[in-house]
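Student: Below are the chains, spelled out letter by letter.
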Amino acid sequence: MNDPRKGPAPASSARCSPAGWLARLLGRLSAAHRKYGLEWWILIAGAAVILFTIYMAAFPRTLARYDPLDQEAGPQMAPPSREHPMGTDNLSRDVLARMIHGSRTILGVAFAAALLSSIIGIPLGLLSGFAGGAFDRVLSLIMDSIYSFPGLILAIAFAAMLGPGVVNITLSVAVIYIPTYFRLVRGQTLSIKEELYVEAARAIGCRRSTILARYIFPNVIATVVVVFSLNIADAIMTEAALSYIGLGLPAGIPDWGMDLSMGKKFLPSGVWWMITFPGAMISTLALGFTMLGEGLSEILNPRLLER
Amino acid sequence: MDSPVSAEPILQIQNLSIAYPIAIGTVRAVEQVSLELGDAEALGLVGESGCGKSTLGLSILRLVRPPGRITGGRILYHGRDLLAMPEREIRALRGKNITMAFQNPLTSLNPLYRIDRQFLETIRQHEPAVTRPQALQRAEKVLESLGVEPQRLYEYPHQLSGGMRQRVMLALGLVMNPDILVADEPTTALDVIVEAGFIDLLNSLRRDWRLSILLITHNLGLVAEIADRIAVMYAGRLVEVGAAEQVFHRPLHPYTQGLIHCVPNIRVDQERLATMGGSPPDLVEPPSGCRFHPRCPQVMEICPRREPPLASPLIPSPIESAAEAAPQGGEAGRQVACWLYGARP
Amino acid sequence: MSAMFRVRSLSKLFPVERSFVDLLLAGSRRSFVHAVDEVSFDIHEGEVLGLAGESGSGKSTTGRLILRLVEPSSGSIEYRGRDLKNIPRREMERLRARLQIVFQDPNSSLSPRMSVGQAIGHPLAVHRLGDARERRERVLELMEKIGLTPASFLYRKYPHQLSGGQCQRVVLARALITNPEFIVADEPIAMADVSVRALILELMLRLKEEFRLTYLFITHDLATAKYLCSRVAIMYLGRIVELAERRELFSRPHHPYTKALLAAVPIPDPAQRRQHEVVRGEIPSAIHPPPGCHFHPRCPYAMPRCREGRPPLRELAPGHFSACLLD
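Going line by line, the protein sequences match chains A, B and C.
Taking this note's numbering, the leading residue of the first sequence gets 59, the next gets one more, and so forth.
Taking this note's numbering, the leading residue of the second sequence gets 14, the next gets one more, and so forth.
Taking this note's numbering, the leading residue of the third sequence gets 51, the next gets one more, and so forth.
Warning: the hint list may mix true and false statements.
As the list claims (entries may be wrong) - Using 27 Å as the maximum straight-line C-alpha spacing, the simulated BS3-like pairs for lysine-lysine come out as follows:
hint	chain 1	residue 1	chain 2	residue 2
1	C	Lys-195	C	Lys-207
2	C	Lys-195	C	Lys-258
3	A	Lys-251	C	Lys-135
4	B	Lys-154	B	Lys-109
5	A	Lys-251	C	Lys-258
What the hints assert, rightly or not - Sample of chain C residues at the chain A side, in silico, Cβ under 10 Å:
hint	residue
6	Glu-143
7	Gln-154
8	Asp-155
9	Leu-160
10	Gln-168
11	Arg-224
12	Ile-317
These are calculated hints, taken from the structure and not from any lab test.
As the structure is a computational prediction, the values presented were derived from the model and not from experiment.
Glycine is no exception: its CB is placed at the ideal position from the N, C-alpha and C atoms.
Could you put together the complete structure from these sequences and hints?
Tutor: Below, the structure is given as structure tokens:
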């Protein structure tokens with residue numbers, strides 16, 4: 059039967075050349091737009107923001123003319139100009155350079171924290187949901203307790219305990235998201251466990267580990283990918299908040315949250331660019347990940363055509 | 014079976030077409046279907062999934078949900094076009110003159126309300142002046158005639174068994190004494206013995222209440238037990254219409270033939286069931302000409318080129334001998350959409 | 051014919067879920083549903099045994115019990131002389147290569163994230179039969195045989211891209227890939243279109259010849275049971291009420307429930323409309339079934355004896371068993 063989800067068939071001769079590959083990609087993208095509508099463009103917008111930020115983080119020197127730590131980059135607290143598109147801060151550092159280099163920090167911490175949370179939370183959720191019994195109850199209790207704490211407060215407590223440093227910040231942010239993955243994966247596992255294809259897998263003679271790995275996990279993963287993206291958005295805000303309070307990184311590393319905190323101090327004297335740009339960057343990046351997550355959510359869940 | 018008392022059909026569907034857009038095109042769910050339902054007649058609309066029969070049933074009461082829309086045709090009830098009526102009027106008709114019974118009564122009955130309340134709501138919708146005791150009395154009467162004890166009024170849907178729920182849903186549809194019942198797969202969710210009871214019920218309703226029934230189903234056994242006439246649908250089009258016995262004993266259209274011969278019959282010793290090759294057609298880009306031609310064992314040259322009209326068969330089927338063929342005059346109302354029967358291209 | 055399976059007094063009880071309020075009011079006594087109530091029968095090598103009944107009859111549960119997909123509460127299931135209960139879990143998993151099941155809903159029996167080729171080939175991987183290349187070849191070969199063509203094209207498709215009939219073939223192929231000798235078919239055609247049902251039935255018959263299979267065919271559709279099965283058992287509320295060879299059962303039914311069931315089946319022929327009413331009433335609650343013979347409240351021939359104690363399944367004629375006290 060024809061599958062409406064497939065895009066137009068590619069011309070076979072164009073399969074191998076890069077131009078052909080690009081044409082196919084564009085073809086698929088526009089076909090996808092017709093299929094998915096608004097969500098597709100939200101996803102594209104989010105992806106664009108993220109990709110650009112990653113580029114910024116990976117190759118900061120191509121975009122920033124000045125060194126972010128250079129305290130003689132220009133006049134002190136100068137408003138945005140052609141020379142310094144985002145102005146300079148109270149230590150005469152170029153704000154644009156600090157934004158560009160700061161992306162590396164925030165992206166790195168948020169991503170690493172999300173990765174760590176998921177690596178711990180997902181397997182625990184799978185095992186807990188699948189095994190059930192006392193193990194599940196005890197683990198759920200622990201996870202629910204962590205979850206019931208306001209995330210930021212818990213992160214602050216951990217950060218204060220562990221002290222400053224990139225690794226410690228990452229750990230503090232990671233801890234508060236473990237229950238999110240745990241609960242999501244456990245819930246999905248519990249419902250998928252009752253599906254007929256899991257019973258069919260048992261009937262084939264699969265071992266329980268195989269059932270978990272090949273039948274339950276792949277069906278859980280779609281929602282997890284979405285949550286991962288939204289999680290990074292949240293982690294960005296949390297990391298920014300921690301360094302805003304001053305529990306973040308040492309002064310030597312450019313950091314948006316800290317710059318935000320600095321900028322707040324000088325706002326009453328009319329210096330708006332020190333706070334606006336970090337704030338905008340944080341919001342935009344978080345928004346980018348949110349849009350990616352929301353767009354993915356709509357697309358990854360196979361929708362059945364209504365008959 | 015008795016022929017309808019009055020010659021004037023109570024429901025006339027003329028050239029009805031229904032389509033709904035999907036991502037890659039438009040599904041032509043119903044295409045130019047014309048049907049008539051007589052007074053106190055049971056018409057069986059038969060076909061497999063995707064043939065459009067359910068959509069057609071919904072369209073009678075204008076219950077087709079967007080993005081599906083009726084793209085053409087008329088449905089005449091007592092001479093008035095149901096499709097052209099203002100919403101207010103169609104709502105007055107629903108549940109009062111024309112009523113519908115669906116496949117799964119658990120989802121059709123509101124699980125939060127007691128049965129009596131659902132009756133009250135239905136009756137008051139059409140006759141707001143009716144008092145509560147009057148309404149309950151009518152509800153009890155109709156429940157009794159359907160074999161449900163009146164105490165059931167004071168229960169919730171989940172407290173009833175499947176067969177009981179089906180009867181309650183039917184009662185809700187019949188309490189306003191309608192002319193027409195459209196039943197879409199009413200027994201799919203029922204056990205065999207309960208289904209038999211329900212069949213008896215529908216048959217007695219037809220006799221005692223002079224109810225016209227449009228029975229939509231893929232269950233050939235069910236339709237054989239109830240219908241006077243049968244209309245067969247395939248890929249959105251009508252392919253055959255005729256009296257029930259004639260359609261079953263002498264199916265004309267190759268699709269009907271395939272369908273009739275592939276169903277196991279418990280009273281008959283069958284060596285092998287006939288099977289139909291191919292797969293159900295794509296409704297976005299249906300096969301050219303006759304939609305059944307890719308699967309037809311008797312396909313001819315003209316079949317992929319032109320779509321055959323639904324018309325009276327002019328010549329007997331080539332596979333029957335002249336002796337077997339019944340005289341054409343004896344099969345009034347017989348229609349088939351197939352080039353095998355002498356239709357003029 | 052040797053008996054592949056010997057089932058004796060097989061039972062499965064499910065505790066009834068109770069709310070907190072029920073617990074407070076009714077105390078700690080639990081009630082159980084006898085989904086399967088001391089059922090005994092044999093399955094002979096090479097036959098198609100039908101388990102027929104309405105909802106609540108226990109036929110699906112029995113099918114799962116035989117394969118130990120559900121653990122029995124009591125009774126024994128002997129497979130080629132060995133009691134399945136005593137087989138350790140690892141060995142049972144290996145045994146499943148020979149004993150397979152096909153479920154009612156083909157779409158739900160396939161993982162949405164596994165392609166056709168992966169799904170069919172997975173049992174081979176599980177039982178470590180052949181390397182990846184050999185497995186792929188075997189899968190393609192079986193797909194051709196079973197009518198899933200073009201095989202290499204469909205190999206990469208996912209369940210949501212297939213029609214219902216194709217899905218059911220995939221499920222059948224998956225059940226056959228390890229060359230089993232026994233398949234439980236749990237209402238395999240109930241969800242298929244009318245024309246597709248005939249195709250699948252014919253396919254199952256053909257495969258039975260070719261692979262020398264034994265089937266346990268679970269269904270509520272007696273017409274299909276008559277067509278496909280060599281022997282049929284009728285179940286009611288967890289018990290077998292009649293068991294006989296096909297022709298015998300359909301021409302000389304003994305148990306009143308069997309008679310009612312056979313009379314109720316709608317005939318696809320308007321000339322043979324049912325003339326009289328079928329037995330009244332509905333299937334009683336499985337939690338509080340009627341005492342003695344479960345069918346007696348609805349039975350037109352009921353005697354006072356019928357409420358005292360369960361009527362035994364006795365042999366009326368060679369191979370024809372009935373659980374009714376009537377002569």
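Student: If a hint holds in the structure, say so; if it doesn't, say that too.
Tutor: Status of each hint after checking the structure:
no.: 1; hint: Lys-195/C / Lys-207/C; result: 18 Å, holds
no.: 2; hint: Lys-195/C / Lys-258/C; result: 13 Å, holds
no.: 3; hint: Lys-251/A / Lys-135/C; result: 24 Å, holds
no.: 4; hint: Lys-154/B / Lys-109/B; result: 16 Å, holds
no.: 5; hint: Lys-251/A / Lys-258/C; result: 32 Å, violated
no.: 6; hint: Glu-143; result: 4 Å, holds
no.: 7; hint: Gln-154; result: 8 Å, holds
no.: 8; hint: Asp-155; result: 6 Å, holds
no.: 9; hint: Leu-160; result: 6 Å, holds
no.: 10; hint: Gln-168; result: 9 Å, holds
no.: 11; hint: Arg-224; result: 7 Å, holds
no.: 12; hint: Ile-317; result: 30 Å, violated
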